[in-house]
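Student: Just so you know, the protein sequences line up as chains U and A, in that order.
Here my numbering is used: position 257 in the first sequence is 257, and no number is missing along the way.
Here my numbering is used: position 43 in the second sequence is 43, and no number is missing along the way.
What the hints contain is simulated information worked out from the structure, not anything from laboratory work.
Computed from a predicted model, the values in this text were never measured in an experiment.
Hints may be right or wrong, so weigh each one.
[As the list claims (entries may be wrong)] In silico DSS-like pairs for lysine-lysine, Cα to Cα no more than 25 Å straight-line: (1) A:K110 x A:K9; (2) U:K355 x A:K173; (3) U:K269 x U:K289; (4) U:K17 x A:K355; (5) A:K355 x U:K20; (6) U:K173 x A:K355; (7) U:K84 x U:K173; (8) U:K54 x U:K43; (9) U:K17 x A:K309; (10) A:K276 x U:K28; (11) U:K17 x U:K28; (12) A:K243 x U:K110; (13) U:K355 x A:K28; (14) A:K17 x U:K355; (15) A:K110 x U:K355.
There are 2 protein chains.
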Amino acid sequence: MAVEVTNVKEQAQKAQKASKTLALLTTKEKNEVLHVLADELEKEYETILTENEKDLANGREKGYTEAFMDRLSLSKERVEDFAKGLREVAALEDPVGEILSSWTLDNGLKVEQVRVPLGVIGMIYEARPNVTVDATGLALKSGNAIVLKGGSSAIHSNKAIVDVMHQALKKTKIPAEAVQFIASTDRSATQELFTMKEHIDVLIPRGGGSLIQTVVNNATVPVLETGVGNCHIYFDSKADVEKALNIFINAKTDRPAVCNAAETLIVHKEWLNANKDALIAKLNEYNIKVHGDQTIVDTIPGASLAVEKDWAEEYLGLEVAIKVVDNVQEAIDHIEQYGTKHSEAIVTEDNETAKQFLNQVDAAAVYHNASTRFTDGGALGFGAEIGISTQKLHARGPMGLPALTTIKYCMSGNGQVR
Amino acid sequence: MAVEVTNVKEQAQKAQKASKTLALLTTKEKNEVLHVLADELEKEYETILTENEKDLANGREKGYTEAFMDRLSLSKERVEDFAKGLREVAALEDPVGEILSSWTLDNGLKVEQVRVPLGVIGMIYEARPNVTVDATGLALKSGNAIVLKGGSSAIHSNKAIVDVMHQALKKTKIPAEAVQFIASTDRSATQELFTMKEHIDVLIPRGGGSLIQTVVNNATVPVLETGVGNCHIYFDSKADVEKALNIFINAKTDRPAVCNAAETLIVHKEWLNANKDALIAKLNEYNIKVHGDQTIVDTIPGASLAVEKDWAEEYLGLEVAIKVVDNVQEAIDHIEQYGTKHSEAIVTEDNETAKQFLNQVDAAAVYHNASTRFTDGGALGFGAEIGISTQKLHARGPMGLPALTTIKYCMSGNGQVR
Chain U
1 MAVEVTNVKE QAQKAQKASK TLALLTTKEK NEVLHVLADE LEKEYETILT ENEKDLANGR
61 EKGYTEAFMD RLSLSKERVE DFAKGLREVA ALEDPVGEIL SSWTLDNGLK VEQVRVPLGV
121 IGMIYEARPN VTVDATGLAL KSGNAIVLKG GSSAIHSNKA IVDVMHQALK KTKIPAEAVQ
181 FIASTDRSAT QELFTMKEHI DVLIPRGGGS LIQTVVNNAT VPVLETGVGN CHIYFDSKAD
241 VEKALNIFIN AKTDRPAVCN AAETLIVHKE WLNANKDALI AKLNEYNIKV HGDQTIVDTI
301 PGASLAVEKD WAEEYLGLEV AIKVVDNVQE AIDHIEQYGT KHSEAIVTED NETAKQFLNQ
361 VDAAAVYHNA STRFTDGGAL GFGAEIGIST QKLHARGPMG LPALTTIKYC MSGNGQVR
Chain A
1 MAVEVTNVKE QAQKAQKASK TLALLTTKEK NEVLHVLADE LEKEYETILT ENEKDLANGR
61 EKGYTEAFMD RLSLSKERVE DFAKGLREVA ALEDPVGEIL SSWTLDNGLK VEQVRVPLGV
121 IGMIYEARPN VTVDATGLAL KSGNAIVLKG GSSAIHSNKA IVDVMHQALK KTKIPAEAVQ
181 FIASTDRSAT QELFTMKEHI DVLIPRGGGS LIQTVVNNAT VPVLETGVGN CHIYFDSKAD
241 VEKALNIFIN AKTDRPAVCN AAETLIVHKE WLNANKDALI AKLNEYNIKV HGDQTIVDTI
301 PGASLAVEKD WAEEYLGLEV AIKVVDNVQE AIDHIEQYGT KHSEAIVTED NETAKQFLNQ
361 VDAAAVYHNA STRFTDGGAL GFGAEIGIST QKLHARGPMG LPALTTIKYC MSGNGQVR
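Looking at chain U on its own, in the form it has when it is part of the complex (with noise of 0.2 Å):
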């Protein structure tokens, strides 16, 4: 069975050679081929749900939370969602081949900048199973191979869908070889990943903080890292008190695990001497535990004192650190202190201030009067995303198709020289 395959760089090479015949499919082909393993998941779902319920008898053993074991949990529901992800992802446009830009030198030569894979995608993530389903279908259709490692608490699952993936790829014109599951859950197995530059083009770590840094300082395939959100919301002077509220609440409750949920508060002075009471009754409302500065101490009861750790902190649930502020550049400075550059909101009715934080603060998405909860690639209508980058360099925040794209310059002439 090809995923008990544990020899890393032969998986890595034999993904390496089957992008080769990937990279050259039309899109009909390709979107056949996510129809093909939708179907298949469909069908196959009891294998999976068989092998998903040794995962958690596993977890159950190991005591691992509900919110843990809820992610970890697969139904049948669940593996229909996952066919329904592939078929959407065969609904998008397809970014290969895409030129980008052309034009044409004084000396006839013509160049075209074209949108080609990035050839093959190392992706390193923890529990959740349907990582191994999405991950799958957006390499696939960008025309990319893929070496799956997943957390060895879905090992079961995770290799359940890839054999149901490998089954129904035979049938197809994509060779199973473009889809690697690395079946050891030793850590050297992770690590010889790292620096596999020659058959790798890029690694993308989904977790939390502490794998993703592992990978960022352990890698020398180049890391488009993502995820981990210190979200600021800062209530100006000028905020409107119910815009506040609801976006505050919106992005610190809707989903609190999630990397762009906010966690720290940054409240102007005047706007909390002003509403200090309907923040408190929102804040017990919502049962959300505090943590602030002395004035917040001493303003909202039953706030503790929140220590240095607590501005730096990704609570991902129902707790909250907030400071108070004398002006919105004090705001803009503990943010780019301690904030992630994920995503930071201002709520304000003056334009200016607005435009002075958005101007200023060094993030992936800055937001005035909404909720940070947007910086999402459903949300925003790239269909579906393989992470939300938090670094600078190739994409930024969401990332679409596109983001598994580099470009090629394609050059043509009848013999030009310089």
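Got chain U sorted already, so can you dock chain A onto it with the hints?
Tutor: For chain A alone, coordinates are given in the frame of chain U:
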């Protein structure tokens, strides 16, 4: 004197602080600064030449090659060329602030994808003092601060150039701190830059292969890998003789020491059989030393048998490796194995074969019937380049001003939540 500071972290922090001011300047303001720098360099050329003389004396003592000494050597004319380069950069379009796309979500949230500076660029380079000026000009124009770490052989020249630029910056809106020069020739100073993710946004190494690999293998700061070029010219069976020889001779001899020069010639056996005398005559006319496979050794008088290392070698001089193949696929496979993904060319009158080559060869630039020498920012009309990327992420091929920017999503709403 600012350039004497050797606390690398402090310098990077100063650059980062200055980058915040720089990012907000208008195009007009930045252009004015570039003109002030150009004027001051011209005015102070004697100081620069005096300091350059120290590097030259040191170089003579160390017995550097003539080519090396030529690259190191400055003159009034060369300093004037620095100034001319800065004025040309001033004339280029400013990428910063460009709105790459904008749309409005169904809920009314307005999304703008805007180009913004990267922040702080770390430039690590070898002998040529012109990089000190060129890189600074491109960085400032694109709104970035720069930390310069030049080679020790040009230390006096580089220091003098930066001193003059610092004097000039004091008359402008750009803080002198935006240009930092690491005066220490200690390797540990360079290594500090490798991991300074908090303060440096990208490292750009320019120089020989070993410098570049050291940066790539040790940096946790994202790297834009530049320049090593093992470029191939393939003469197909249907290659026009005159075009083929002209293109090869141009790519090999016009400037043999640059990265877009040809290093390997691949020849279809039929072409060789029909045109060996013409090829031999050209190789002799230009005194090109040949390393070849057995067929070449049997065909070309004086050719030595190529060893494995010859196929991967950047000769950077009047030497070439020549391989004979049976078909285009064999040529593509050879390039896949030994190429550096820089620039690769096919010469043929058969458009289908050309298409196959352009589609399948994985390189920044692929050519049909033209010299690889056009892979150059100036030649392609980019105005100036900070280097030629041989990696696939962020930027590929010649990198002009846009390669020194990233994007930012700016969202404006009236209270939108998810």
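Student: Hints numbered earlier in the text: which of these fail when held up against the supplied structure?
Tutor: Failing hints, ascending: 1 and 10.
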